[in-house]
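Could you build all of it, start to finish, from the sequences and the hints given here?
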Amino acid sequence: MNIIVAVKGVIDSESDIQVSAGAVVSDNHATVINPFDEVALTAAVALKQAGLANEILAVSVGDSACQDVLNVALAIGADQALWVASDAPVASLTVAKTLAKIAEERQADLLLFGQQAIDSDAGQTGAMTAALLDWGQATAVSALTIDPDQQSVIATCDSDAGSETLSVKLPAVLTTTLRLNEPPPIRLSQWLAAKDKPLKQRPLSDLGIATTPPLSVQNLRAVSQHRKGVMLKDAAELANLLADYLPAAPSQAKNHTENRR
38 MNIIVAVKGV IDSESDIQVS AGAVVSDNHA TVINPFDEVA LTAAVALKQA
88 GLANEILAVS VGDSACQDVL NVALAIGADQ ALWVASDAPV ASLTVAKTLA
138 KIAEERQADL LLFGQQAIDS DAGQTGAMTA ALLDWGQATA VSALTIDPDQ
188 QSVIATCDSD AGSETLSVKL PAVLTTTLRL NEPPPIRLSQ WLAAKDKPLK
238 QRPLSDLGIA TTPPLSVQNL RAVSQHRKGV MLKDAAELAN LLADYLPAAP
288 SQAKNHTENR R
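Residue 78 in this note's numbering sits at position 41 of the sequence shown, with consecutive numbering throughout.
Treat the hints with care, as some may be off.
Here are the in silico distance ranges between beta carbons for each label pair [what the hints assert, rightly or not]:
{"id": "1", "residue 1": "Arg-258", "residue 2": "Ala-87", "range": "41 to 51 Å"}
{"id": "2", "residue 1": "Lys-270", "residue 2": "Ile-191", "range": "47 to 57 Å"}
{"id": "3", "residue 1": "Ala-164", "residue 2": "Val-254", "range": "13 to 23 Å"}
It should be emphasised that the hints constitute simulated quantities derived from the structure, not laboratory data.
For each residue, glycine too, the CB sits at the ideal point set by N, CA and C.
Below you can see the structure in the form of structure tokens.
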């Protein structure tokens, strides 16, 4: 079984995110692998270690920051990596078309995606790729096993209403939640081994896929902060603050009652 894992670079969520001129200021921010994609890749590595997969290809679509993310993917356990290069921003549909074409070329059996990216939270790419390929899919997967006899994936899928277990015939597309596994730290030996693994580059233009996005962001603004947390030393300080507030409370309640009349 050949597995393709889609990985995306995102701004580290621990960074101080700034918005300027309707866009996120990405200068001097570290790019990390999307946590959901890291879970998907860890699941692929586990399948290979169990003897259920032959090869893992990590694919990332975008600018030069993809190279750093793919080096991480190789260290985690991907056998090879492919950077589909594009200087212009790529929409989810463009990424889906790219992954679908690569899956057909590579005769992949299983495509793994993180359920969503922590920057856009779109959660669209995996489902769109499955639709383009006309493959079965299971989304929001929190547990999975492979049934080699039936050539299918048994996946537990989470939703707001609970969870359900699906059997999906291969080839298939899965999107993973953070509950599927907990990626272990990358060891030094893994980083060293990654240096000997192939990381190839391919221009997006070579795939013959239209790159004009169907949607564009017109404006982006940061959420204004209306409340702030205050650290108190002890209960006495809390009591003093409450004492300052309570005398005003009855008059506020009276005004509220009068306004309702």
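Here is what the structure says about each hint:
1. At about 47 Å, the CB distance of Arg-258 to Ala-87 agrees with the hint of 41 to 51 Å.
2. At about 55 Å, the CB distance of Lys-270 to Ile-191 agrees with the hint of 47 to 57 Å.
3. At roughly 21 Å, the beta-carbon separation of Ala-164 and Val-254 lies within the given 13 to 23 Å, and the hint holds.
Violated hints: none; the structure is consistent with every hint.
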